[in-house]
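Residues in the sequence shown are numbered from 214 upward in steps of one, following the numbering used here.
Be aware that a few hints might be false.
Distance windows between CB atoms, simulated [claimed, not checked]: (1) V247 <-> Q282: 28 to 38 Å; (2) Y244 <-> N395: 20 to 30 Å; (3) K394 <-> E279: 57 to 67 Å; (4) N434 <-> E349: 17 to 27 Å; (5) H343 <-> A243: 36 to 46 Å; (6) S248 <-> P300: 45 to 55 Å; (7) E349 <-> E279: 49 to 59 Å; (8) V432 <-> E349: 36 to 46 Å; (9) K444 <-> R393: 40 to 50 Å.
Derived DMTMM-like pairs: lysine to aspartate or glutamate, alpha-carbon spacing no greater than 20 Å straight-line [stated by the list, open to error]: (10) K301 <-> E233; (11) K363 <-> D255; (12) K310 <-> D419; (13) K444 <-> D406; (14) K363 <-> D451; (15) K273 <-> D263; (16) K291 <-> E225; (17) K444 <-> D483; (18) K273 <-> E420; (19) K363 <-> D254; (20) K363 <-> E225; (21) K310 <-> E233; (22) K291 <-> E371; (23) K310 <-> E225; (24) K394 <-> E425; (25) K273 <-> E233; (26) K291 <-> E233; (27) K301 <-> E279; (28) K291 <-> E349; (29) K310 <-> E420.
If you are wondering where the hints come from, they were derived from the structure by calculation, not from laboratory data. Bear in mind that the values here come from a model prediction, so they are computed numbers and not experimental data. Cβ coordinates follow ideal geometry from the N, Cα and C atoms, glycine included.
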Amino acid sequence: MRLASIQYFGIECLAILIVENFYPLPVLNAYFSVSWPITMDDLLKTEQIDNLTTWYNSQKPILIQECLQNAIPFSSVKFFPLYHFTPKIWGIGLNYKDHATDLNEQAPQSIPASFMKAQTTIIGHGDPIHIPLLSERTTGEAELGIVIKKSCRNVSSENWRSVVAGFTCILDMTAEDILRKNPRYLTVCKNFDSFFSFGPVLITPDEISSVEDLNVATVINGKIHAQNSVKNMTFPPDFLISFRSQVMTLLPGDVISTGTPRAVLLHHGDML
């Protein structure tokens with residue numbers, strides 16, 4: 214299942230993406246006489262994403278046939294951030310060797326480099342990224358995001374997928390010139406408003422058989438700046454979830470942003 218938060222008759226709601234059309238949850242609730250949560254925040258808080266996925270897979274043929282007239286084309290959609298109330302956003306730094314080289318750093322080998330981001334950094338797909346007045350060198354980078362679906366602690370590497378709500382696209386920004394002044398400024402340089410573009414689509418694990426085969430690409434103005442495969446991460450998703458859950462309890466809606474192949478310098482007017 215593929216979910217996004219979209220604008221529908223003036224409200225923010227979840228919609229299911231099928232091919233190139235979005236089917237809003239309020240429409241599906243009315244047609245099928247069901248009452249699924251209509252926002253991603255509520256869907257995650259009530260831990261119903263697995264139930265919705267099962268229901269969707271059973272009703273998909275009917276849904277496509279009967280509700281197409283109320284579907285919204287992808288090209289016409291106004292996106293919101295995937296959701297707003299993230300208990301924790303964990304960023305993973307230097308998880309690809311190429312990115313470590315960009316910063317003249319060595320990639321960590323025993324424990325993943327980590328930082329946290331505030332909810333106020335979140336924007337949606339297509340929203341503007343604001344380059345801070347305090348920075349003369351702001352970079353952006355594409356990352357694979359992992360969303361947690363339930364409260365969990367000490368998750369084994371073998372069972373990591375059992376706690377995952379889905380995977381999404383993330384653009385993570387850094388005030389790189391501030392970071393270069395002192396590595397202790399990491400929290401500052403990562404937490405300017407608009408420095409975390411979240412979404413637009415969450416893909417549930419049943420649609421991705423091998424996360425390791427996914428490619429992550431940073432694209433600037435329509436051109437690929439850098440790309441790499443998840444299988445080349447120093448710390449792959451199974452390790453990241455297991456490790457983070459040993460540090461602190463993971464909660465529904467927590468996000469792990471797994472690192473970038475390489476960042477690109479941003480200028481006003483660029484499309485990342």
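Hints versus structure:
A hinted range of 28 to 38 Å for the beta carbons of V247 and Q282 is inconsistent with their spacing of about 19 Å. For the pair Y244 and N395, the beta carbons lie near 57 Å from each other, so the given range of 20 to 30 Å is not met. About 59 Å separates the C-beta atoms of K394 and E279, a value consistent with the hinted range of 57 to 67 Å. Taking 17 to 27 Å as the suggested C-beta distance range, the pair N434 and E349 conforms, at roughly 20 Å.
For the pair H343 and A243, the supplied restraint of 36 to 46 Å holds, since their beta-carbon distance comes to about 38 Å. A hinted range of 45 to 55 Å for the beta carbons of S248 and P300 is inconsistent with their spacing of about 25 Å. Distance hint for E349 and E279: a CB-CB separation of about 55 Å, consistent with the stated range 49 to 59 Å. Range check, V432 to E349: Cβ separation about 23 Å, and the 36 to 46 Å hint is violated.
Checking the proposed 40 to 50 Å range against K444 and R393 shows it is violated: the Cβ atoms sit about 30 Å from each other. Annotation: proposed proximity of K301 to E233 is violated, straight-line Cα distance about 31 Å (limit 20 Å). A hinted pair counts as satisfied when its Cα atoms are at most 20 Å apart, and K363 with D255 qualifies at roughly 13 Å. Only pairs whose Cα atoms come within 20 Å are accepted, and K310 paired with D419 is rejected, the gap being roughly 30 Å.
With a C-alpha separation of about 31 Å, the suggested pairing of K444 with D406 is violated against the 20 Å cut-off. With a C-alpha separation of about 16 Å, the suggested pair K363 and D451 falls inside the 20 Å cut-off, and the hint holds. Restraint check for K273 and D263: the C-alpha separation of about 15 Å stays at or below 20 Å, so the hint holds. Under the criterion of a C-alpha separation no larger than 20 Å, the hint pairing K291 with E225 is consistent with the structure, at around 10 Å.
At most 20 Å may separate the alpha-carbon atoms for a hinted pair to count; K444 and D483 exceed this at roughly 29 Å. Taking the CA atoms of K273 and E420, the gap is about 14 Å. The hint holds against a cut of 20 Å. At most 20 Å may separate the alpha-carbon atoms for a hinted pair to count; K363 and D254 meet this at roughly 13 Å. The hinted pair formed by K363 and E225 fails the criterion: a straight-line CA distance of about 23 Å is larger than 20 Å.
Restraint check: the Cα-Cα separation between K310 and E233 comes to about 36 Å, which exceeds 20 Å; the hinted pair is violated. At most 20 Å may separate the alpha-carbon atoms for a hinted pair to count; K291 and E371 exceed this at roughly 38 Å. Straight-line distance between C-alpha atoms of K310 and E225 comes to about 39 Å, which puts the hinted pair past the 20 Å bound. Restraint check for K394 and E425: not satisfied, since their Cα atoms lie roughly 35 Å apart, outside the 20 Å limit.
As the CA atoms of K273 and E233 are separated by approximately 15 Å, the hinted pair is consistent with the 20 Å bound. As the CA atoms of K291 and E233 are separated by approximately 14 Å, the hinted pair is consistent with the 20 Å bound. At most 20 Å may separate the alpha-carbon atoms for a hinted pair to count; K301 and E279 exceed this at roughly 39 Å. Annotation: proposed proximity of K291 to E349 is violated, straight-line Cα distance about 31 Å (limit 20 Å).
Taken as a hint, the K310 and E420 pair is broken in the structure, with Cα atoms around 29 Å apart against an allowance of 20 Å.
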